[in-house]
Amino acid sequence: NAGVTQTPKFQVLKTGQSMTLQCAQDMNHEYMSWYRQDPGMGLRLIHYSVGAGITDQGEVPNGYNVSRSTTEDFPLRLLSAAPSQTSVYFCASRGYREQYFGPGTRLTVT
Amino acid sequence: AQKVTQAQTEISVVEKEDVTLDCVYETRDTTYYLFWYKQPPSGELVFLIRRNSFDEQNEISGRYSWNFQKSTSSFNFTITASQVVDSAVYFCALTSWGPLANTPLVFGKGTRLSVIA
Numbered sequence: 065n066a067g068v069t070q071t072p073k074f075q076v077l078k079t080g081q082s083m084t085l086q087c088a089q090d091m092n093h094e095y096m097s098w099y100r101q102d103p104g105m106g107l108r109l110i111h112y113s114v115g116a117g118i119t120d121q122g123e124v125p126n127g128y129n130v131s132r133s134t135t136e137d138f139p140l141r142l143l144s145a146a147p148s149q150t151s152v153y154f155c156a157s158r159g160y161r162e163q164y165f166g167p168g169t170r171l172t173v174t
Numbered sequence: 048a049q050k051v052t053q054a055q056t057e058i059s060v061v062e063k064e065d066v067t068l069d070c071v072y073e074t075r076d077t078t079y080y081l082f083w084y085k086q087p088p089s090g091e092l093v094f095l096i097r098r099n100s101f102d103e104q105n106e107i108s109g110r111y112s113w114n115f116q117k118s119t120s121s122f123n124f125t126i127t128a129s130q131v132v133d134s135a136v137y138f139c140a141l142t143s144w145g146p147l148a149n150t151p152l153v154f155g156k157g158t159r160l161s162v163i164a
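Protein sequence lines, in the order shown, are assigned to chains R and H. Sequential numbering from 65 applies to the first sequence in the numbering used here. Sequential numbering from 48 applies to the second sequence in the numbering used here.
Just so you know, the hints here were simulated from the structure itself, not pulled from any lab data. In this text, all values refer to a predicted model and were calculated from it rather than measured experimentally. Backbone N, C-alpha and C define an ideal beta-carbon position, used for all residues, glycine too. Incorrect hints may appear among the rest.
Straight-line alpha carbon distances no greater than 25 angstroms define the calculated DMTMM-like cross-link-like pairs of lysine to aspartate or glutamate that follow [what the hints assert, rightly or not]:
id, chain 1, residue 1, chain 2, residue 2
1, H, K50, R, D90
2, H, K156, R, E123
3, H, K156, R, D102
4, H, K156, R, E136
5, H, K50, R, D120
6, H, K50, R, E136
7, H, K85, R, E123
Some chain R residues near chain H, calculated using beta-carbon distances under 10 angstroms [unchecked claim]:
id, residue
8, D90
9, M91
10, M105
11, Y128
12, E136
13, R158
Just chain H, with the same shape it has in the complex (with noise of 0.2 angstroms):
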C-alpha cells in the first residue's frame, strides 16, 4: 500500500524566512510520481509539481524548489523568502502512473504554513 507522511501539521514563520515541507513516503512501486498541492484560503487544490521516481535532478521554479531523495524516500519541498501569499495548506501525494496503471492520488494530511508579516 502507498502511503504518504506530512509530519508537521503546522509551520509558522516571519515573512522573508525561508520554510521546508517535509514529505515522506511509502511504495512498493519501482515507478511512481510525486505531487505537491497548494490550498490557499480560498480553499481550490492548486497543482505545484509533479515529479516521476526516475528523475532525482532538484528543481527550482522561483521561490519554491523541490528536493526529490529516493533514498531517504522523500520529497522535500522550501520555500525562499516566504510571503505573506505563500500562507496556505500544502499537500504532498504520490502515485502509480502510466498506460497501465490508474491508481489514485495518495495524499498526506497537509502542512498547515503561516507566514507572518
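Excised from the complex, chain R in its bound form (with noise of 0.2 angstroms):
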C-alpha cells in the first residue's frame, strides 16, 4: 500500500516549457486535489476531483489543467511555465476519515 505517489520530486523548467506532474494513489479514493504551497500562503487548491471524469477548479486555477480518466491518477499539467509557479506542490487523496498528503514536487521556473 503505497497512498499517495508524486513524481517528480524535484524538477527545473525554463519559462514556456510545459510539464506533467504525476500523481496516483492505491487506496481506491474518489476525492482527489492538487495544492500548491507558498511561503505565508498556506496550501491553495489548485484543482480537485470527485470521480473519474469529473474535475473542478480551486482558487488558483490558471496556468494549470487536469483531467481524471482512472480513479487511481490525477496528473496536473502546466501549459506554460511561469516563474510564478514556482512552488511546492501536494497531490492529495481523501478517504471516509483522512485525507492523505502525496510527498510533493518542488518546482522551480526559471
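Can you join these two chains into the complex? Each is in its own frame, and there are hints to help.
Written out as C-alpha cells, the structure reads:
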C-alpha cells in the first residue's frame, strides 16, 4: 500500500516549457486534489476531482490543467510554465476519515 | 465561503514550555470537519487529528491536546512540555464532508513553531 505517490520530487523548468506532475493513489479514493504551497500563503487549492471524468477548479487554477481518466491517477499539467509557478505542489487523496497527502514536488521555473 | 484563520505566524518557545496554536474558522455549514496537520522541516504533511462538528469533546493524545469550541468557532491545539522535534509548521484546515459533500479542504496559512533547546 503506497498511499499517494508523486513524481518527480524536484523539477527545474524554463519559462514557456510545459510538463506534467504525476499523482497516483492506491486506496480507491474518489476524491483527489492538487494544492500549491508558497511561503506565507499556506496551501491553496488548484484543482480537484470527485471521481473519474469529473474535475473542478479551485482557488488558483490559472495556468494549470487536469484530467481524471482513472480513479488512481490525477495528473497536473503546466501548459506554459511561468516563474510565478515556482512552488511546492502537493497531491491529496481523500478517504472517509482522512485526507492523505503525497510527498510533494518542488518546482522551480527560471 | 469557508475560511480558516491562524493569526499566529510564528511562535518561539523554550523546550518544555507549553504552547497553544490558535485556529479560528468560518463556515455556514452545520456539519463540518476540522483538521490539524504538521509539516516538519523535511516537508511532508503529517495528519494529526480530525474532529467533526457534532463532537465537542476535547481530545488528548500524549503531549498533544485539542480544544474545540463551537461557540467561538475555534479549534486550538496545545503542545504540553514542548520538544525540539515539535518544531514545524502547523496547519489548521476545514471542510464539509460526507456522502453528499465533497468540498475541498480549506487551509489556514499556518503557524511556524520553533522550539529552542
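Now for the hints, and whether the structure bears them out:
| no. | hint | in the structure |
| --- | --- | --- |
| 1 | H:K50 to R:D90 | violated, 30 angstroms |
| 2 | H:K156 to R:E123 | holds, 14 angstroms |
| 3 | H:K156 to R:D102 | holds, 10 angstroms |
| 4 | H:K156 to R:E136 | violated, 29 angstroms |
| 5 | H:K50 to R:D120 | holds, 19 angstroms |
| 6 | H:K50 to R:E136 | violated, 29 angstroms |
| 7 | H:K85 to R:E123 | holds, 22 angstroms |
| 8 | D90 | violated, 17 angstroms |
| 9 | M91 | violated, 14 angstroms |
| 10 | M105 | holds, 6 angstroms |
| 11 | Y128 | violated, 15 angstroms |
| 12 | E136 | violated, 18 angstroms |
| 13 | R158 | holds, 8 angstroms |
When each numbered hint is compared with the structure, violations occur for hints 1, 4, 6, 8, 9, 11 and 12.
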